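**Q** Throw the hints in and build the complete structure from the sequences for me.
Take a look at the letters that make up each chain.
Number of protein chains: 4
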Amino acid sequence: MPKDMSHSVSIFERRESAARSYCRGMPATFATAQGSEITDEAGKTWIDFLAGCSSLNYGHNDPDMKAALIEHISNDGLAHGLDLHTDTKAAFLEAFESHILEPRDMDHRVMFTGPTGANAVEAAMKIARKVTGRTNIIAFTNGFHGVTTGALSATGNGYHRGGAGTSLNGVTRMPFDNYFPGETNTAEFLEAMLKDQSGGVDAPAAILLETVQGEGGLNAASPEWVRHIAKLAKDNGALLIIDDIQAGCGRCGTFFSFEDMGVTPDIVTMAKSVSGFGLPMAMVLVKPDYDIFGPAEHNGTFRGNTHAFVTARVAIEKFWSNDAFQRELSEKAQIVHDALADLAAMVPDAHLKGRGLMQGVDVISGDLASEICARAYEKGLIIETSGSEDQVIKVLAPLTTPTDTLRKGLNILLDAANDVLTGTNKIAAE
Amino acid sequence: MPKDMSHSVSIFERRESAARSYCRGMPATFATAQGSEITDEAGKTWIDFLAGCSSLNYGHNDPDMKAALIEHISNDGLAHGLDLHTDTKAAFLEAFESHILEPRDMDHRVMFTGPTGANAVEAAMKIARKVTGRTNIIAFTNGFHGVTTGALSATGNGYHRGGAGTSLNGVTRMPFDNYFPGETNTAEFLEAMLKDQSGGVDAPAAILLETVQGEGGLNAASPEWVRHIAKLAKDNGALLIIDDIQAGCGRCGTFFSFEDMGVTPDIVTMAKSVSGFGLPMAMVLVKPDYDIFGPAEHNGTFRGNTHAFVTARVAIEKFWSNDAFQRELSEKAQIVHDALADLAAMVPDAHLKGRGLMQGVDVISGDLASEICARAYEKGLIIETSGSEDQVIKVLAPLTTPTDTLRKGLNILLDAANDVLTGTNKIAAE
Amino acid sequence: MPKDMSHSVSIFERRESAARSYCRGMPATFATAQGSEITDEAGKTWIDFLAGCSSLNYGHNDPDMKAALIEHISNDGLAHGLDLHTDTKAAFLEAFESHILEPRDMDHRVMFTGPTGANAVEAAMKIARKVTGRTNIIAFTNGFHGVTTGALSATGNGYHRGGAGTSLNGVTRMPFDNYFPGETNTAEFLEAMLKDQSGGVDAPAAILLETVQGEGGLNAASPEWVRHIAKLAKDNGALLIIDDIQAGCGRCGTFFSFEDMGVTPDIVTMAKSVSGFGLPMAMVLVKPDYDIFGPAEHNGTFRGNTHAFVTARVAIEKFWSNDAFQRELSEKAQIVHDALADLAAMVPDAHLKGRGLMQGVDVISGDLASEICARAYEKGLIIETSGSEDQVIKVLAPLTTPTDTLRKGLNILLDAANDVLTGTNKIAAE
Amino acid sequence: MPKDMSHSVSIFERRESAARSYCRGMPATFATAQGSEITDEAGKTWIDFLAGCSSLNYGHNDPDMKAALIEHISNDGLAHGLDLHTDTKAAFLEAFESHILEPRDMDHRVMFTGPTGANAVEAAMKIARKVTGRTNIIAFTNGFHGVTTGALSATGNGYHRGGAGTSLNGVTRMPFDNYFPGETNTAEFLEAMLKDQSGGVDAPAAILLETVQGEGGLNAASPEWVRHIAKLAKDNGALLIIDDIQAGCGRCGTFFSFEDMGVTPDIVTMAKSVSGFGLPMAMVLVKPDYDIFGPAEHNGTFRGNTHAFVTARVAIEKFWSNDAFQRELSEKAQIVHDALADLAAMVPDAHLKGRGLMQGVDVISGDLASEICARAYEKGLIIETSGSEDQVIKVLAPLTTPTDTLRKGLNILLDAANDVLTGTNKIAAE
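Chains as they are written, first to last, in my numbering: chain A, 737 to 1166; chain B, 737 to 1166; chain C, 737 to 1166; chain D, 737 to 1166.
Derived by calculation from the structure, the hints in this document are not laboratory data. Just so it is clear, the structure is predicted and the values come from calculations on it, not from any experiment.
Heads up, the list lumps identical chains together, so a pair's fine if it works in one copy or across two of them.
SDA-like, lysine to any residue: derived pairs with alpha carbons at most 20 Å apart:
1. K931 <-> P917
2. K1115 <-> K1162
3. K931 <-> D1103
4. K1144 <-> A1069
5. K1115 <-> L1150
6. K780 <-> D823
7. K931 <-> T920
8. K931 <-> R897
9. K931 <-> E1125
10. K931 <-> D1126
11. K780 <-> D812
12. K802 <-> D812
13. K802 <-> T768
14. K931 <-> S1101
15. K931 <-> Y895
16. K780 <-> H808
17. K931 <-> N972
**A** Structural data, given as structure tokens:
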């Protein structure tokens, strides 16, 4: 038996793969959570500004979803329904149609894919290729779309790409909005390359983008740029796929991240907060004309996670049946913005990134960002970095975080930054 | 608004993607389920011999798992934990170590991947490629490993492959055991191709197989063949990956499908019934030497589906802490075998397939198999086909199905077959 | 300046790439050649049983081709004509039509590709993919089709494949005729895989084969097998491509290697001896229905090697305007066969390979084969090995070799074998 | 027999593939050529400003090469030598070393590849991938590197790419120098993408470029840009490959197109005019450290086109043993420049492209350029277009063209342009 199989080391060291990650910087063993707070086995509580990477937009264990789920389970409601019709799926679809799709004039169909964001992206890429008969998909610098082979080919991150063990094909990489600040408009760049008969960029099946690149460093595309890209997609016979897995479900201040931009994507990928409760669920919204997969042509066992349908329905009905919640988001976004502006002012050249409740600060150095987050963790706040060098401190608080808790968390962040910048954290450690 | 957006058609017709599938042959709207039975909104109950495609091996809403899950939710246990340490994950790992891995002398590490089987397969393929620095993976005729791009390249099914919209690379296809009955041993065939310096089969990163091909028609590999393949993998510097997603978790009569075969795979992929309750969960077991992914190199949001850890732990403790359950499986397998032998006797050239509680009958014709399943559905039994032509009627009853229910279900199947073969079903329909 | 740039080493050591090969075993510097004999700078002469790897089927410096070429050059005939019309190209096409295509009822068009066999194979693969809209091409164990990326993907040799530096896609490898002597017919094997809807072999654009695998060890397909493969191609909507680069131009006893087999390939690739004089020239014969490339869609500078057209025309007119030459080939093949049978009798388990003037002996060991060839070189015969382990001694004498010279060369080979098998060569070396 | 097999249509219509191209716009059947003039069967003579697409830089049938070649053939010199040592290859290598490599301080080795430019490019790409263990190769908009699968993946032209019938992988496309006139420096763009850890551009094996894009529209890179690219290659561990197939052999005014730029490529590909006589020959120059192919790892039958070695040696000795020829080129380039400036002045927005004896005029419209070339053909001048829309009239006169002939040809071009712009050609046609 290998040495670390000895029971003197923790079960995680003994038996969990080295691929585990978040636990390395936040080594507590967590046990319970409510709203925006999470508590470990020993009873220590943290404010949670990570929110399951935006998969807990409505906080932990929302009481209404919780009650509905317990009732469902107690009544022997289905847990798993393959892609059979179930009453819970019907109820979710009806809520999603009434409160989300119809008010936004979207006639999209809902395809339930395997319950991971990557699976939704894979399905979206396959649809676009099948619809157009083309292979090439345009994706952008710093885009993140998952790590299964198809999705990974569209993901920019070199560390993840290196894990493929094979070459990643079928995607042309283009610079995202504002990649060269003050210089060439990157949509014009793409336009020129696509128009050039010898440009070497094959006719695209799709253009795939996030309006705010969550993992890529909170780069927020301007509405003008997104509209330009949408026009290029249309002019070139390509489908526009918006990956709203992280930026959707209210994270940017509206249900979809793109809804104030004047574009209607042909395909939208959703996951993370769509179940509302942190349960695995993913889906692809697709315009009826492009809903061309045959039965089970893209399939998977867990497409009918019925527990998730229950909580997802409650989430839609509770938060999106009128505009009250959306108005709150706007106020909270301002609170975050103001605090982050203070943080940015503390670090030379630092600047704000993102929009809505998906904001952060680029502190230029990945080491500095990590140190600040580590200090915040010590002080009772869970918060993470993003960006190509992990140089962006990213606030992903639950959208439902009470204003007081939000301010409290932001204050911990500012204190942590101050500690690091003044060296207090190191003195404390001695 | 397109015509079928009108509210006079069902919400599924209006809004669910055409990719939906099982619901087409079983159009009821299901609501509740207990054990081996499932009930629709109208109160009609079916015996379930599909069991979520083997993702409900312990039946629907097992009372112990149900109680534990409700307790967990009631106590505000985490729903979603990214890959943080949680008490529930620790408890699952400890149970899995004590009752599964240690008794079988397996020092594998557990990698929690995105909660779909395809994601586990993608991770396994990436690991093998990274470990060996090679690209080529050997997979077999009629293998099914999922439909994301990497997994799909290993899947044999032409209908699914056609959905890729691009060419599927990096896999060499070889004939499964007994592909040419009475002729060349296909392991010797593979051996010859691999040994031949001009054979054109690049040195493999892995050999990937299911010991029983669930989707491929219940083709069961012999222990000798699996051992031969394992030796070829070792001799050629390739990893042996056994995809136990459908055949594992007791389905073949032992926890792993391969455990009586004298082989220890380098990597095992698991999903479907690993949560025990139908909740999305997948994992990769990997020998410590090959556990080489860096932190989050293969990542995903839903790797910490804490609800699933709760039920998965109960499943392991309840069914696998001693050999009582395994002994039951053997008896039930005999019951299934006997009934299916009767069925096979009714159809010329029909023959039995599979092993354990993963048996079926190849009735030669896909149309006939479908007709029999449709008739069974009318009579109160949910059962499905598999195989390249959907010609195999497949019994995937929950492993926990009481003997009486099992016999009752099998009798319905026999009756349905009789109806179809005598034309009674058509007379009834007139 | 690196050490070996010093002028004390030969210009080849100093300046020619390490990729050079034949010169390593035959280090003489050759200067002149006539018929079946080749002479070095020092005046030593060898009988040439390599014949430019079958690119000198009519021997060196055939007097009629030589005269025509000198006249053409003297008259300022074009050397290079891109793909313009030239009088010499017209004359070649007319000769090829009259003496080759029409008598064999072939309505194929002639596409002049870049003047390498690999380029012809690349063009053929591209045509098949464009015609069918499919990607997959079936190629065989031990096939050799060239080393540019597309052709290399169809080549079986692992050493060459390893030089790609990238994975080689789009080809499914199948066992050649008689790959498992006495067991499964490999055409039936391919048939089963193609018919199986879950066999994992995508619908093929083409089946690509050599009737005798020159580099692969002189494996000769039976007419029955080739016909079966041709039927499979037709039944599966794939084009049949016969790569006749090495086996064509009379090498197997008829102009095309396949002409007595009862098949008409959709595409034939030709190179090597098509110019008759060793000049670079390659072409693709394609049925009119599949001649679908647009102007210059597959292009290249040297498609109009006018010198080659001159000699190629003479070759066709001189050797193929009646059947006298073909009758000679049959007699010579028997002479070769008899001598090789004697050689085979000298080595345990050795056996004859190939057919026509493309015969050899598998002496089981690559080392033994090399030693025999090296000894033959010392004794005045140039001859090479082939096969996956270089275990086949291959006789590729010019088809025009006079009977006396042929016997003389074969006797040197037998003597060389005897020397090696009795150790005489080593004694001599001491 | 298909209709056009009838002998009433020309042999080219009957039997040559539809892929033929140049002959469509210049339908004469050419027979002889001397220097810069080419004559058809009927005795009509044209000035040749196409020069075999720059493969006849020293004109047709140079008397010294012609004499040497006739002498070689008359003496039964080898025509074809595989990659054996031959006296003619040694003589070529010695001349190339003395007059080309040593004076330019280049210690490169010479690899003789299959005699097409595409084959040299394939070999270069394979070397870079093998040396670095990476797959990705950076190539540029409007680059042209050949149409075999590997080379085609690096070629920008969409028409050629469309002929692949499969997706073309392993290449990242970047904008060439000055792609966005007056905006972002494209080398800085590439630098940013390569430096970005999440930029999605995998670490490159090589950067591959032409200093003047012959097929792509005579886009000439500035020395500063090429130096910047060379530095990026070095900084990123990638090889710099300069494809000098069209721009080399004196075409840009020096033997190599890059020799005044202050860069030393790791690999140079050469073909077209390297034989000096239009005979097929190609080679790769590679720094000794990267000369890592094993014997025959990249092979091919026609690597030893001995006739080409004869003429190539004469070309080197005659034109490059001192600087007289190079000085002439400079004068002729000025003559071409002045005439093309006149042409550009005739067309609104037209502008000059290229450098050395590789200049042209972008007349904005492909139709206009074609019409002018067609009119020039009528008037006795062969000249072609290039560029993504065929909008660039390209002068590729033999470098040896006498000044009078050069002026005469340029005058025909100006007359032709005038005819077209004034409509005279159409009046004439009525």
